[in-house]
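Undergrad: The listed protein sequences derive, respectively, from chains A and B. Quick note: the first sequence uses my numbering, first residue 1, plus one each step. Quick note: the second sequence uses my numbering, first residue 168, plus one each step.
A few chain A residues facing chain B, derived, Cβ under 7 Å:
#	residue
1	45
2	55
3	58
4	60
5	62
6	63
7	69
8	124
9	125
10	131
Label-pair ranges, simulated between beta-carbon atoms:
#	chain 1	residue 1	chain 2	residue 2	range
11	A	81	B	273	41 to 51 Å
12	A	67	B	389	19 to 29 Å
13	B	293	A	120	26 to 36 Å
14	A	71	B	225	23 to 33 Å
15	A	71	B	389	24 to 34 Å
16	B	318	A	121	22 to 32 Å
17	A	74	B	347	37 to 47 Å
18	B	366	A	77	23 to 33 Å
19	B	320	A	74	44 to 54 Å
Keep in mind the hints are simulated off the structure, nothing from the lab. A virtual CB, placed ideally from N, CA and C, is assigned to each residue, including glycine.
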Amino acid sequence: MTGTPAATSQASPRAGGLGRRLLLIGRIALGVTFVAAAYTKLHFNGEWHLGDYQFFFAMTIDSYKMLPIAAVEWLARILPWLELLLGGVLMAGAGLRWAASAASALLCVFIAAMLRAYLLHLEINCGCFGPNEKLGGLSLLRDSSLLALSLAVAAGAFLIRKREAKV
Amino acid sequence: MKRHHSFALAAFLAGAAILAVTIPARSGSRGATVRSAQARASLSASLPGKEIGSKDAPIVIEVFSDFECPACRSFYETTLRQVIDNYVSTGKVLLIHRDFPLQMHAYSREAARWADAAAEIGYFQTVESTLFGKQDVWGANGKIEDVLSGALSAADMKKLREAESKYSSQIEASIAHDLDLGNQKHILQTPTVFVTAKGKTEELPGGGVSYPLMKQYLDYLLRQ
Numbered sequence: 001m002t003g004t005p006a007a008t009s010q011a012s013p014r015a016g017g018l019g020r021r022l023l024l025i026g027r028i029a030l031g032v033t034f035v036a037a038a039y040t041k042l043h044f045n046g047e048w049h050l051g052d053y054q055f056f057f058a059m060t061i062d063s064y065k066m067l068p069i070a071a072v073e074w075l076a077r078i079l080p081w082l083e084l085l086l087g088g089v090l091m092a093g094a095g096l097r098w099a100a101s102a103a104s105a106l107l108c109v110f111i112a113a114m115l116r117a118y119l120l121h122l123e124i125n126c127g128c129f130g131p132n133e134k135l136g137g138l139s140l141l142r143d144s145s146l147l148a149l150s151l152a153v154a155a156g157a158f159l160i161r162k163r164e165a166k167v
Numbered sequence: 168m169k170r171h172h173s174f175a176l177a178a179f180l181a182g183a184a185i186l187a188v189t190i191p192a193r194s195g196s197r198g199a200t201v202r203s204a205q206a207r208a209s210l211s212a213s214l215p216g217k218e219i220g221s222k223d224a225p226i227v228i229e230v231f232s233d234f235e236c237p238a239c240r241s242f243y244e245t246t247l248r249q250v251i252d253n254y255v256s257t258g259k260v261l262l263i264h265r266d267f268p269l270q271m272h273a274y275s276r277e278a279a280r281w282a283d284a285a286a287e288i289g290y291f292q293t294v295e296s297t298l299f300g301k302q303d304v305w306g307a308n309g310k311i312e313d314v315l316s317g318a319l320s321a322a323d324m325k326k327l328r329e330a331e332s333k334y335s336s337q338i339e340a341s342i343a344h345d346l347d348l349g350n351q352k353h354i355l356q357t358p359t360v361f362v363t364a365k366g367k368t369e370e371l372p373g374g375g376v377s378y379p380l381m382k383q384y385l386d387y388l389l390r391q
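The task is simple: from the sequences and hints, build the whole structure.
TA: Structure follows, in structure tokens:
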């Protein structure tokens, strides 16, 4: 009986250390992906499009046939910057629980839109990483994997916070 | 805590460096922006009848299209017609049709032949409109000539048949030229649209663009 608590207290920091390392890798990977997604919306056809990116991205969003033009234009303007911000925050590790939760929510919306377009057999571009990436099973699989990673990071961040609060 | 943040910063810089090295190569591999005095010149070299509008127009729209593709029909009927009415007819846009018949469509090359024959005798717009408008009919039975006969007068149809026979080699050369051009531009789908303004060519997102967004982009280019 006396051996069990001792074994637990020895294993716990090691497990916590591994968890933190995995969380670090996960959030960096997720952050880099979001930054890459923003980058490809602002830099395409071989150059930066800071002045006119919104036209191209709006065309891609509009092809999903889900939103009125005003909403499409608004989303096209802000989404790349939101992704950039989210990516930066995830990489920096600030407010990780909320950043990872926001990333998960955003990915849920993306996947729902993509799945709808896929089921409706819309032959459109995904718009995920640049303007000319076709929407298909692979892009859905990739975004689903990103959602799994994002959820894991969010769960990990909440668990670590909970453990720290107990200590 | 400081060590933790330094590690995050290092990872951020490493990630940014990886992106800077890898992604430009990826995005530059397709539809690279053309900045040269020859940009406009290279846009012609097509049958003159497949170009609609003024050669002096500040904007050139080049559409790689397949007459049997439903997305091309939708793009033509919902966007291009309005572009023709509002921008081509006012001298703001030169519209160039490029044939890009996809192998998956049994009759699209033949349809392109008829359209190019029409371009030789100045009937391109009528034939283009008929081919897209009756796509469901000839796309199902392959009877393109019957569909065109229903839209043109007997005399015009006779001229079209003669042109199709007389200019056969030019028509094939024009289709081959457009296909080569499309392959050079790594076109993966139709319609694919390139817009050239001030010697700079941009590829629009594939699959067509709705008129309100096309209008916004064209107005933006005209303001530049």
